[in-house]
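Enquirer: Taken in sequence, the protein lines are chains A and B.
794 is the number that our numbering gives to position 375 of the first sequence; each next residue is one higher, with no gaps.
439 is the number that our numbering gives to position 401 of the second sequence; each next residue is one higher, with no gaps.
Source of the hints: derived by calculation from the structure; they are not laboratory data.
A portion of the hints provided could be inaccurate.
To be verified - List of simulated lysine-lysine pairs, DSS-like, C-alpha gap at most 27 angstroms:
#1 B:Lys125 / A:Lys541
#2 A:Lys794 / B:Lys400
#3 B:Lys222 / B:Lys41
#4 B:Lys266 / A:Lys794
#5 A:Lys798 / B:Lys227
#6 A:Lys462 / B:Lys310
#7 A:Lys421 / A:Lys431
#8 B:Lys444 / A:Lys799
#9 A:Lys442 / A:Lys431
#10 B:Lys121 / A:Lys799
#11 B:Lys484 / A:Lys462
#12 B:Lys266 / A:Lys799
#13 A:Lys791 / B:Lys186
#14 A:Lys802 / B:Lys400
#15 B:Lys46 / A:Lys791
#16 B:Lys127 / A:Lys462
#17 A:Lys442 / A:Lys426
#18 B:Lys444 / A:Lys798
#19 B:Lys266 / A:Lys791
#20 B:Lys266 / A:Lys802
#21 A:Lys798 / B:Lys310
#22 B:Lys41 / A:Lys462
#23 A:Lys462 / B:Lys348
#24 A:Lys462 / B:Lys468
#25 B:Lys444 / A:Lys791
#26 B:Lys121 / A:Lys791
#27 A:Lys794 / B:Lys125
#28 B:Lys468 / A:Lys442
#29 A:Lys798 / B:Lys400
#30 B:Lys127 / A:Lys794
#31 B:Lys435 / B:Lys125
#32 B:Lys41 / A:Lys799
#33 A:Lys799 / B:Lys127
#34 B:Lys400 / A:Lys462
#35 B:Lys351 / A:Lys462
#36 A:Lys431 / B:Lys468
None of the values given here were measured: they were computed from a predicted structure.
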Amino acid sequence: MKFLRKKLDNIKPNFERGGKFEKFAPAFFAIDSFLFVPNHTTKTGAHIRDGVDLKRVMYTVILALLPALFFGMWNVGYQHFSQIGGDLSFLHLLGYGATKVLPMVIVSYAVGLGIEFLFAIKRGHEVNEGYLVTGMLIPLIMPVELPLWMLALSVAFAVILGKEVFGGTGMNVLNPALLARAFAFFSYAPYMSGDQVWVADAAKVDAISGETILGHLASGHEITSHSVMDMFMGYIPGSIGETSVLMILIGAALLLYTGVASWRIMLSAVLGASVMGLIFNTFAVNPIMAFPWWQQMLVGGFAFGVVFMATDPVSSAQTTTGKWIYGFFIGIFAIMIRVFNSAYPEGVMLAILLMNVFAPTIDYFVIQGNIKRRKNRLKKLVKVA
Amino acid sequence: MSKDIHIKRGLNIPLQGESVKKISSFSPTTHYAIQPPDFHGLTPKLAVKVDDLVNAGDVLFFDKNQEQIKFTAPVSGKIADIKRGPKRKILTVEILATAKVTYKDFGKADVASLNQDQVKAKLLESGCWPYIKQRPYEVFANPNVQPKSIFISAYNTVPLAADFAFVLQDRKEAFQAGVTALSKLTTGKVNLGIGAKDAEFFSFVKDADVYQVFGNHPAGNVSFQIAKIDPINQGEHVWTVNPQDVAIIGDLFLTGHYLANRIVGFAGTGVKEPQYYSLLTGQNLEELFTKTLVEGDFRIVSGNVLSGVKILKNSYLRYFANTICVIPEGNHYDFLGWHPFVGNNKLSLSRTFFSWLTPNKKYNLDTNLNGEERALVVTGEMEQVFPMDVYPMQLLKAAMIDDIEKMECLGIYEVAPEDFALIDFTNTSKLEAQTIIRHAMDVMIKEVG
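Turn these sequences into a full structure, and let the hints steer you where they fit.
Expert: Listed below in C-alpha cells is the structure:
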C-alpha cells in the first residue's frame, strides 16, 4: 500500500491551495480519504478520539444491506423463471438477477455521487458519506422493471431537492431514498404499481403474473398462492430488496449489534404496527383488514422500511423519547394507510415520510419538557426565597 | 455523613501507562514561570517588571477587571523575563529562582476562628483565590458573589487519572484546613465527592458533606455531581476547587506561606517509568522531560488526554496541573481503515470494532482523529456519555449559532467545557464540542455577564 500512498502524495500538491486542480480538491480528497483514513491529528479538544467515523458507520449500513441485495438479485431470477419455467439453479437465478439489478445500483451511485461531487466542488467542502447508503437503498426499494432513466431522474430529484438544497448530508428533512421512491411513485405510477412491474418481463410475457401480496389484498382477494413461509423467506414479488424478511432481519441484527441504528425506533414501529393491525383484525370487514396483524409485518416494505429507512438518524427524531413516539406512529400509519387507501398499498413509504416531517416537532416538544423542568426548578426556588 | 451518588452511562477509557503509586522528588530548577493564559478570561495587569526581586507570595500580576484578584510568585527570585505574544498578550512571567526560597509571610491563622471576610482577604492577598473556580462558565470565582455551595471532586475518572487519595496522603491536615476555609465562603455547604475505595482515607474530613460517587467517567467531573446534589439554576453560582488546590489553600492558613507544591502524575506510554513527581507550580520541566520521557514522536499533554493542553518540552508546570500525559502522535495513514471490524486495537463506543469484547484491555491510543470532520448525522451517541438532564447535541447546536436564549433554556449554566470531553472523544462527526462550548461561554460572559 506504500506504493499507492506515495502516488497519492505525489499528485496531492496539484489539488492543494494554489495547485493546478485546486478546484477539484473535494473530489481528490474524497477518494484519498476513502482509500486511507487520513493522518489528521487532533488539534483542539480531546487529544484521543474514538475509532469510529462517518465512513465506518455508513459502510456498516451497506454491509447490513448486502443480504437483502443478494437475495433480491436471486429473487428477481426466481420470480421470473419459476413462472415461465427454466433453469432454477442458484447461480443462474442470481446471475440473471444481477443483470437486472446491478445496472440499477450503478446508475443510482453514478448519478447520486456525481451530483454530490459537483455540489462539493461548487461549495468547496468535503464530500460527505451520506449518499453511500442512499445510493444502495434506492435500487432496493424500486420495482425491477423501472426504466433506468426514471431511476436516474428520481435519484437526481431526491439528491438535489431532498438534500442539497437543504445544505447536504445531515440537513435534510426527508429521507432521500424514500423521496426518490415517492417521486417515481407519483410521477410514473404505471411503472411503480400494478401487477406488471414486480417481476422481470411481466409486461411482455403473458404467463407471468406479478402482483404483490398487498396489491392482491387491496383488490379484495385473499392470499392463497403464497404461504407465510414464502412471505418470511421472501419468495414473493415486490421491490428488489424488500421481500425477504429473513435477510432484512440479518441486516437488522448487524445494525443493532453495532449500535448503528436505533433499536427504539425499530421496536416502537413494530409495536405501533401490531396495535394498528390488531385493531383492524378485530373490526375486519374485508380481506386486507382481516389479514393477520403479524403477517402485515412480513409483506410489503414494512420490514425493510422500519429497519433501514425509519432509522435514518438525520430524518428521524433525535431525542430518545422522540424516537419512541416517532417509531410508534410509523407503525400505526404504515398499516393504516395500507388498509384505508387501496390506491397506495405501500403505506410504509408514506408513513415514514409523514413522520420525517413531524420528527422535528416531536423533538421540539420533548425538549420543551426538559426546558420546563429547568424553569420549574427555578420557580420553586424563587417561591422558597 | 456519607451519601451515595450513582451516575449511569458514561465511558471509562482504559489507557496504557498508568502512573504507579510512587512519588519521586526532582531537584528544583532555577527557571519558573507563571502563565496568564492558564486562567481563562483573565486580562492580566503586571505588578512587576524585569529584574525586580520577589518573594514567594509576592504579586506578579492581577486581573484588570477585578483588581483584588492577584496572582503571586511560587518561588523567590528575580523576574527574568516577561514574554508577550501577538497584540502584546502576556504569555509568561519568568522568574530566576534563588537557591533558598524566601516566603512572604501572610501570618498563620486558626482558620476555624476566622470569619468570611478574613478568609477571603487572605486568599485574595496570597494569590490562592484563582484556585477557586466558578460555575457558570468555569472561570476563576468572582469574590463579590455568594456561592450557594462549593464542590470538590476527589473522584477522578479521567483516563490515566491521578489518584487524589494517594496525592493527598501526607496532606490531610492541609486538606482539612482548606475545606474549613472554603466552608466559610458559602452560606451553603461544601460538598466533597469521593470514590468508594477512598472512603476510609477521607473519613477525617469535617466541615463538608462527603458523598461516595459511583460510575464511569464523567462521574468524577464535578458538574455531574452538582447536577445530582444541588443543580445550578439561572442566576446562581457554585464554586468548585480541585483537591490538591484545597490543600494549597489549607497550607496557607497552617504555615502563613503560599506553598505551591503539587504532586503531578506522569502517565502514558511516552513516559519511561510512569509515576508521580513532587513539583512546584511554574517549574520548568525540560530537564525532567529529558530524563523521564521516551524518545520519539509523542505529544505531551498538561492535564488529562481528554481536556488537557498540548505543551512543548521546554515548558513550565501549569497552574492547575494534576497530571501530565504523554501519548503517541498519530500522524499516520490507515489503508481502508474505516472498514467495520478492522483496526480492533482502537477503542470505540460503537460496536463497529471488536474491541468491546475485551473490556479489560488497556489501549495505547494515539492522537489520530480517526476520520475527518463531518456533518452531524448520528444521534443518541452524545447522550450516552452525558449523564445529566441536558440535551447535549441540542445545546451544542445552540452554542454553534450563539443563540443565548436557547443556551440558557438548555442548561448552559450547568455545564463546563470539560464535561463535553467525552463527546469530543466519541462523536462520529469529529466535532470539537469542548471548543464550541468554551466559545459559547465567552459569548455569554460578554453578552450576559
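Enquirer: Against the earlier hints, flag every one the structure doesn't satisfy and list their numbers going up.
Expert: Hints 1, 2, 10, 14, 21, 22, 26, 27, 29, 30, 31 and 33 contradicted; others consistent.
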